[in-house]
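Asker: The residues making up each chain are set out below.
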Amino acid sequence: MENKGRVWICCGNDLETNETIKMLDKQDENCIFASRVQGISWRNLRPAIQNLIRRKSKEGSKIYGIGMSDRLLGVDTYNITSTMDTENGKLSSLDVISELLDVKLSLDQLFISSYLKEGKNGVCNLAEKLEIGDSGNAILENIQIRDRQAKGITITQEAETVRAIQNKRQMLDGNVSVIKLSHNKIETIIDRNLDDNLLVLCPNEETFFLGNEKYIKRLEHKFDNESKSKRLRNI
Amino acid sequence: MLTKPQYLYQAKLIIDCLPEEEYNSIPKETLKYIEENMQVDTNIKIDPEKDLSEQNVDSQTLLFLNNIIQKVRMNQLSKEYEKDIKDYISEVNSKNAGFEAQVDNINLREDVEKLETQTQKIPKAKELIQEYQKVVSKKEEEIVKLKEECNTLTSMLNKIPKFIRKIFLRNHKVKLLQEKND
Chain A
68 MENKGRVWIC CGNDLETNET IKMLDKQDEN CIFASRVQGI SWRNLRPAIQ
118 NLIRRKSKEG SKIYGIGMSD RLLGVDTYNI TSTMDTENGK LSSLDVISEL
168 LDVKLSLDQL FISSYLKEGK NGVCNLAEKL EIGDSGNAIL ENIQIRDRQA
218 KGITITQEAE TVRAIQNKRQ MLDGNVSVIK LSHNKIETII DRNLDDNLLV
268 LCPNEETFFL GNEKYIKRLE HKFDNESKSK RLRNI
Chain B
557 MLTKPQYLYQ AKLIIDCLPE EEYNSIPKET LKYIEENMQV DTNIKIDPEK
607 DLSEQNVDSQ TLLFLNNIIQ KVRMNQLSKE YEKDIKDYIS EVNSKNAGFE
657 AQVDNINLRE DVEKLETQTQ KIPKAKELIQ EYQKVVSKKE EEIVKLKEEC
707 NTLTSMLNKI PKFIRKIFLR NHKVKLLQEK ND
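Residue numbers (our numbering), protein chains in the order written: chain A, 68 to 302; chain B, 557 to 738.
Simulated from the structure, these hints should not be mistaken for lab results. Treat the hints with caution; some may be incorrect.
[Unchecked claim] Heads up, simulated BS3-like pairs for lysine-lysine below, C-alpha to C-alpha not over 25 Å straight-line: (1) B/Lys635 <-> A/Lys196; (2) A/Lys157 <-> B/Lys635; (3) A/Lys196 <-> B/Lys584; (4) B/Lys627 <-> B/Lys568; (5) B/Lys670 <-> A/Lys235; (6) A/Lys93 <-> B/Lys639; (7) A/Lys171 <-> B/Lys651; (8) A/Lys171 <-> A/Lys93; (9) B/Lys651 <-> A/Lys196; (10) A/Lys196 <-> B/Lys642; (11) A/Lys157 <-> B/Lys627.
Only chain A is shown next, with the shape it has when bound in the complex (with noise of 0.2 Å):
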């Protein structure tokens, strides 16, 4: 490993961490990818990371944390998450690494720190700023698609969301479509959007409802009525 005076350790299983690998494999930077798991503690990580992280500590690298948690015991870690606030406003886990590595953001990479910081409307505000306003949608929408494939979310799975969407019910005089999906990747429904007040239906009993809060009662009691196995989460 070439001795760049830095080390950085990634660590998740999204969008954010594959780009935050490309700029510094760009860079070519000294990086490792921990884990999958996003949050995970210093202290979880696999011994011979550990180890080799103390190492590159003693040495004099500059340890850096993406996704990470916690400290490890006798090394100086510096965390870098999704968001920030700083002095200078929020920044995304991108801004601090490209004014670190003292890069420009590309364009893409522009829109992806929107949408880390500031989400949906992130993204449009850029998209209006540069005056593309009319193709703020498109972007965000690849956006998410590429995030979803990060997490692992198949073609399939989006497929079957589809179908599920076309084919769903009404409840509660029509103020709340049912849709049915035969996998429990949310996201694929958060993602679009949709208008309705919706109650999604996943396997092994898992229950989902978006949308205006007082229809969560009525749905409750509807679900106390028939098992109480079913639990309503409100996203």
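Put chain B on the given structure of chain A with help from the hints.
Answerer: Relative to the frame of chain A, chain B by itself:
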């Protein structure tokens, strides 16, 4: 608190202290707006040697200047990425379309498989219908045949002497047959 014309004047004083490069990055229409709407007030002064935080700068002036900074940053951003924007949007649209096509493809394939399964049942259904039609068409022939047989039997029975016929009529089946033909 300063009035609008006053804080615009104060902003103008601050802007005039900027280095040439920074001054030139301010949109011309913003400068024109300030010129047209400000009011010179000799009581308002800005010392270019001192930091703004050490001077009496109105909060509205600061807000106005902040907006200018945001505009300048956005203009710089737009210029920085001007060349990349068109290609980026094109790539995004293309990838989104590709994704939708893949999803549609999977669902279409599923529909085709379902149709194929249903189509395989059609020959069997046809066969059953044909058999049924055969039986239905033969039904009429069978009925005529049975009627003829029945009439033959009735005429044969009528030829039998009455007292012997009465013995046979004790059998219900023969009795019914006789009633129907009557």
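Asker: Hints first: check each against the structure and report whether it holds.
Answerer: Evaluation of the provided hints:
A distance of roughly 12 Å separates the Cα atoms of lysine 635 of chain B and lysine 196 of chain A; the hinted pair therefore holds under the 25 Å criterion. Of the pairs offered as hints, the one joining lysine 157 of chain A and lysine 635 of chain B holds, with about 23 Å between alpha carbons and a cut-off of 25 Å not exceeded. Taking the CA atoms of lysine 196 of chain A and lysine 584 of chain B, the gap is near 18 Å; set against the 25 Å cutoff, the hint holds. A distance of roughly 16 Å separates the Cα atoms of lysine 627 of chain B and lysine 568 of chain B; the hinted pair therefore holds under the 25 Å criterion.
At most 25 Å may separate the alpha-carbon atoms for a hinted pair to count; lysine 670 of chain B and lysine 235 of chain A meet this at roughly 20 Å. Taking the CA atoms of lysine 93 of chain A and lysine 639 of chain B, the gap is near 21 Å; set against the 25 Å cutoff, the hint holds. Using a Cα cut-off of 25 Å, the hinted pair lysine 171 of chain A and lysine 651 of chain B holds, with the two alpha carbons roughly 24 Å apart. At roughly 12 Å between alpha-carbon atoms, lysine 171 of chain A and lysine 93 of chain A fall within 25 Å of each other, so this suggested pair holds.
A threshold of 25 Å between alpha carbons decides the hint, and for lysine 651 of chain B with lysine 196 of chain A the separation of about 23 Å falls inside it, so the pair holds. About 15 Å separates the Cα atoms of lysine 196 of chain A and lysine 642 of chain B, which keeps this hinted pair within 25 Å; it holds. This hinted pair checks out: lysine 157 of chain A and lysine 627 of chain B have alpha carbons roughly 18 Å apart, not beyond 25 Å.
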